[in-house]
Amino acid sequence: MIKKGYIKGHILQYFFILLSFAMVIVAISTDIEFLYKLLMIALSITVYFFWSLWHHWENHELTPEIVLEYLLLSLILLWFLLNVAS
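Counted the way the working numbering counts, the sequence shown spans residues 1 to 86.
Since the hints were derived computationally from the structure, they do not count as laboratory data.
Just so you know, these numbers come straight off a predicted model, no measurement behind them.
Fair warning: there could be bad hints in the mix.
Simulated pairs of lysine to aspartate or glutamate, DMTMM-like, Cα-Cα distance not exceeding 20 Å [stated by the list, open to error]: (1) Lys4 <-> Glu58; (2) Lys8 <-> Glu58; (3) Lys4 <-> Glu61.
Derived CB-CB ranges, DEER-like [unchecked claim]: (4) Asn59 <-> Asp31: 28 to 36 Å; (5) Phe80 <-> Trp51: 27 to 35 Å; (6) Glu33 <-> Glu65: 19 to 27 Å; (7) Ser29 <-> His60: 20 to 28 Å; (8) Lys8 <-> Leu39: 19 to 27 Å.
Cβ atoms here follow ideal geometry from the backbone N, Cα and C, with glycine treated the same way.
Make a model of the complete structure from these sequences and hints.
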């Protein structure tokens, strides 16, 4: 269950993470060198990983299982987006 005011209190965080992924979509869909695509994708995935850890730490919900979950999710996303970009 989402706490009352949770979304409103975190809207700026969600905006920036969505902006980061919009950057990835633009990088994948434009005709730029693969190295630049790789850098943009890797940067966005890294930001996503650390943002998610910080977000859970801020809410006092960070556990080793959550760290592993986001690490695996980040690696899968990196693999997927690099395959789409190539």
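#### Entry: Consistency of beta-carbon spacing, Leu39 to Lys8, with hint 19 to 27 Å
Between Lys8 and Leu39, where Cβ atoms are some 34 Å apart, the hint is violated.
### Message
Please check whether Phe80 and Trp51 have a Cβ separation lying inside 27 to 35 Å.
### Response
violated, 19 Å
### Supplied distance hint 28 to 36 Å, evaluated on CB atoms of Asn59 and Asp31
violated, 41 Å
### Message
Check whether the Cα positions of Lys4 and Glu61 lie no farther apart than 20 Å.
### Response
Since the Cα atoms of Lys4 and Glu61 sit roughly 17 Å apart, the hinted pair holds (cutoff 20 Å).
### Query
Between Lys8 and Glu58, does the CA-CA distance stay at or below 20 Å?
holds, 16 Å
### Message
Verify the CB-CB distance for Ser29 and His60 against the hinted window 20 to 28 Å.
### Response
violated, 39 Å
### Task
Compare the distance between the alpha carbons of Lys4 and Glu58 with 20 Å, and conclude whether the hinted pair is satisfied.
Judged against 20 Å, a Cα distance of about 17 Å means the pair holds.
### Query
Regarding Glu33 and Glu65, is the given constraint of 19 to 27 Å on their beta-carbon distance met?
violated, 38 Å
In summary, the structure is inconsistent with hints 4, 5, 6, 7, 8 from the numbered list given earlier, while agreeing with the others.
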